[in-house]
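Let's have the full structure, built from the sequences with the hints guiding it.
Chains as they are written, first to last, in our numbering: chain P, 1 to 698; chain C, 1001 to 1154; chain G, 2001 to 2121.
Don't read these hints as lab results, they were simulated from the structure.
Glycine included, each C-beta is placed from N, C-alpha and C at the ideal position.
Some hints here could point you the wrong way.
[To be verified] Derived, one-sided and incomplete: chain C residues facing chain P with beta-carbon distance under 10 angstroms:
#1 G1035
#2 P1041
#3 L1042
#4 V1052
#5 V1059
#6 R1090
#7 A1142
#8 L1145
[To be verified] Sample of chain G residues with no beta-carbon within 10 angstroms of chain P, all distances over it, derived:
#9 S2002
#10 G2026
#11 R2069
#12 R2095
This is what each chain is made of:
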Amino acid sequence: MDPMDAIKQTYFQECDELLASLEEGLLALEAGEGDSDTINAVFRAVHSVKGGAGAFGFEAMVEFAHVFETSLDLMRSGKLDPDPDVLKLMLRASDVLVDHVQAAKGEGVVDEGRSHAILDELAALTNSEPLASRASAVGSSADPATDEWGFAPLKFELDEPATATWRLVMRPTAAMYAKGHDALLFLRELSRLGEISVTMDASTLPAFADLNPENAYICWSVELPGTVDETAIRDVFDFVGDDCPIELSRAEGGSAPMIDLTDFLPPPAQQSINEPEHGAPVVDDKAVVVPDKATKGAAPSAGATIRVDLERVDRMIDLVGELVINQAMLAQRVTESGVGRSSTIAMGLDELEQLTREIQDSVMAIRAQPVKSVFQRMPRLVREAASATGKQVRLVMEGEGTEVDKTVIERLSDPITHMLRNAIDHGLESPEERARAGKPEEGTVRLAALHRSGRIIIEVSDDGKGINRPKVREIAVAKGLIAADAPLTDDEIDNLIFLPGFSTASAISNLSGRGVGMDVVKRSIQALGGRIVIASQPGKGSVFTLSLPLTLAVLDGMVITAGEQTLVAPLTAIVETLRPKPEEVRPLGPTGAVLATRGMHVPLIDIGVALGLRTTPIDPTTGVILLVDGEGGGRAALVADEIQGQRQVVIKSLEANYQRVEGVAAATILGDGRVALILDVDAVFDKRLGERQLAKAS
Amino acid sequence: MTESDYVTDSLELISFRIAEQEFCLDIMAVREIRGWTNATPLPHSPSYVRGVINLRGAVLPIIDLKARLGLGLAEPSARSVIIVVHIGNRLVGLLVDGVSEILAADKATIQPPPNLGCETVSRFVRGIIAMEGRMISWIGLADILPEEEAAEAA
Amino acid sequence: MSKTILTIDDSRMMREMLLMVLQGAGFNVVQAEDGQQGLDKLAEAKPDVIITDINMPVMDGYGFIEGARKDQRHRATPILVLSTESSPEKKQRAREAGATGWIVKPFQADTLLDVVRRVSA
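Here it is, written out as structure tokens:
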């Protein structure tokens, strides 16, 4: 890759981080949690985005970021009060800045109208002109050096011919040396402009005994060819300012005005070096923030980290997956060869297994990421959803630091997006409605992540009106999803919204009803080995709880046999395993049967039949039953021939070389080197559930 | 790009027999050839999908080419082989009775498939190669896998 | 022996950009991500020239320059400030803090190298 392209990639990555911290900071300020450090960080974020944008010539972004930065600078210096209106504007500005970055990446377009509208609003805050007009003003100035210095352009009407020799006197001060300058270097620079003749003036040099090594005593006179451009000479001294006053004149005739550049420097009132002789400048009041900030150096340092190409980590995880499989295969071969469990070979294998497991855990930990990267996209989404529905929404996020494997992170965004939209669109009431219900007009939506028993839990809750059960029931009946008189519990009614074909889009939304129903959300979560449940209280709100494995790379499974095939059932799906007694199995209808256990009648599903591995179910009493919970709130008893044991397996995609197969979540490779399918328990269950409900409806 | 590479004038093909008929594939699509191992059957799949096998850690679907061409289910024997081919970015195993030879054919001599009004022929046979009195059907791989079920609504 | 330049910038992009240009010109480059890290690395890096950003977390560029100038070994080390702004106030401010010179971002590689050359023997 071209090095500049690589740097551009770095810039975009950095932009993502900066923009996230920008939004985070603005939100903190809005919540009244920010302090001057927060404002500084927010300012820095925009500043850095602008800096890079300039480097790569993203002009529109520079213009936008500049005005944004100016307003933040005012806030930073206390001249602009961070009141709610200002912060709302800045949040919208940060959204537009995101769009600018996306556009620069070539991944989107900027809504010019919106961008300009916000620019105008920002400019109104700062009473400043946008950069574009300022830049053109600069462009009209013929001499960039004067701009650099902030000089008013001077016009010299000199009669002398342009070739008159330049005579320059430079008088270095101690302050100049204190800043790392070296008079010699100026002479060297001057000599690059043309042939020079230098005279040293050491007349002020005191006697050695009186000499203060910190002081500056020596001046130089330099003659340069008259053809040298005056600006070029001045440019040599642009860094030193009045730390090294110079006198520049044309030599001939001696009538040329002596120009002391210091006359044109900013007035001394703005300067703060009181004792240039002592090198250490005394800072003025405005600069007091500097040492103050310095003492805050205790902020957590980044620690020792290295950046690693994600591909390398992925490759390593794949390899470790192979290692786990190979280790299992080796162990099985050794067992088959009849080696005793207490032999040194078997013991060595045990240790290998332990090590392999530890390597796998460590490698997985490398790829774990906080869910923050997904969460940070949500405030914008909520703002947009709120304005689209005319509702007032406060988003509270918790547990952003919760870590989960990258494979899961990537696939969290869609379900969370959908659940949040759903909460705002269907959950929260309008401000008027809330006021009538005696609730604050602003609704609260909470997004939280946490770890629970080896899974990641994502909760989306709202303090809205809760699920309208009579309405949901009515829709489900109207759509033929349930029988009109189906005896359903509240939970079962709530979960009807996950049924394919159920969509409350008729209600209001141009928002959550974008052709994607909650059934799709549920299906995509199930595809990840996840579950989603809803709990709702009328008038108080709803909670969607999403539970997902921490990784999609490995899975704890129960290895079972059904229809002569070895299958793996995800352990998380299994509530209990049991061998049924004959009196617990009751026939129901022509072919069906239920398991009577603990006062419940649970439908029996033969796994072999469900997967089409055989046509007639086995006698459940000769097999083993896996009790599983369906997402619909019910429970099913899956009948397998036998259980081989529990094992951690490496998840292999079927889709990579083939396609999705109904009833199968993924595949794995067992110790004997053969492929075993991982059961999609919910799909097996749902299929039955769906049939049952359709049967009821007909 | 697999077998649709028309840059050169001649094609290298790998030929095999299925039910007394000769077929061939563009060798560029072939990654390797391996012996038959029992495949793990996939539920709810067409009969020509024999299942999946482990190819060095990857899960590889096995297509029974005989069944796919409508010539009846193959009965794998010790002579049967799996030709591992690239189809797009997928790797797929084709179960055939055994590989006979590698041959070169001039593209100009490949005849278009005759129109028999047979769906199978028009779908899988890209051309006919006549060689030393033999007739070899050149198989295209694009439609070998079953069609994806209607993609998820998302 | 080639000269060592300490670059201090919180932006990874800017650090990489400086690295590319400076290394390409034959300098040794030592990087720091903020002023405090810059001070921490001074002793070991013994830079001949320092290039620092101003706006940085933990410790900004002004803080760094003041700290560096208190270090006997670096009272006279050229320190260049990276600045996106070229207003006279900002320049005066950098000068007051003890900077030797400045580089206005965005910069061309040639400009950067030219400025480095101008301030180093």
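Going down the list of hints, with the structure as the test:
1. The beta carbon of G1035(C) is not positioned within 10 angstroms of any beta carbon in chain P (closest approach about 13 angstroms), and the interface hint is therefore violated.
2. Annotation: P1041(C) was flagged as interfacial toward chain P, and the flag holds, the nearest CB pair being 7 angstroms apart, inside 10 angstroms.
3. Annotation: interface hint on L1042(C) holds; nearest CB of chain P at approximately 5 angstroms, less than 10 angstroms.
4. Checking V1052(C) against chain P: minimum C-beta separation of about 5 angstroms stays under 10 angstroms; hint holds.
5. Because the beta carbon of V1059(C) sits about 5 angstroms from the nearest beta carbon in chain P, less than 10 angstroms, this interface hint is met.
6. Annotation: R1090(C) was flagged as interfacial toward chain P, and the flag holds, the nearest CB pair being 5 angstroms apart, inside 10 angstroms.
7. For A1142(C), the interface hint is violated, since its Cβ never comes within 10 angstroms of a Cβ in chain P; the closest pair sits about 15 angstroms apart.
8. A cut of 10 angstroms between beta carbons decides the hint on L1145(C): the least distance to chain P is about 7 angstroms, and the hint holds.
9. With 10 angstroms as the threshold on Cβ separation, the claim that S2002(G) sits away from chain P holds: the shortest Cβ distance comes to roughly 19 angstroms.
10. Even its closest Cβ contact with chain P, about 16 angstroms, leaves G2026(G) beyond 10 angstroms, as expected for a residue assigned away from the interface.
11. The non-interface label for R2069(G) is inconsistent with chain P: the shortest C-beta to C-beta separation is roughly 7 angstroms, within 10 angstroms.
12. For R2095(G), the condition that its CB be more than 10 angstroms from all CB atoms of chain P is violated, with the nearest at approximately 6 angstroms.
Checked against the numbered hints above, the structure violates hints 1, 7, 11 and 12; every other hint is satisfied.
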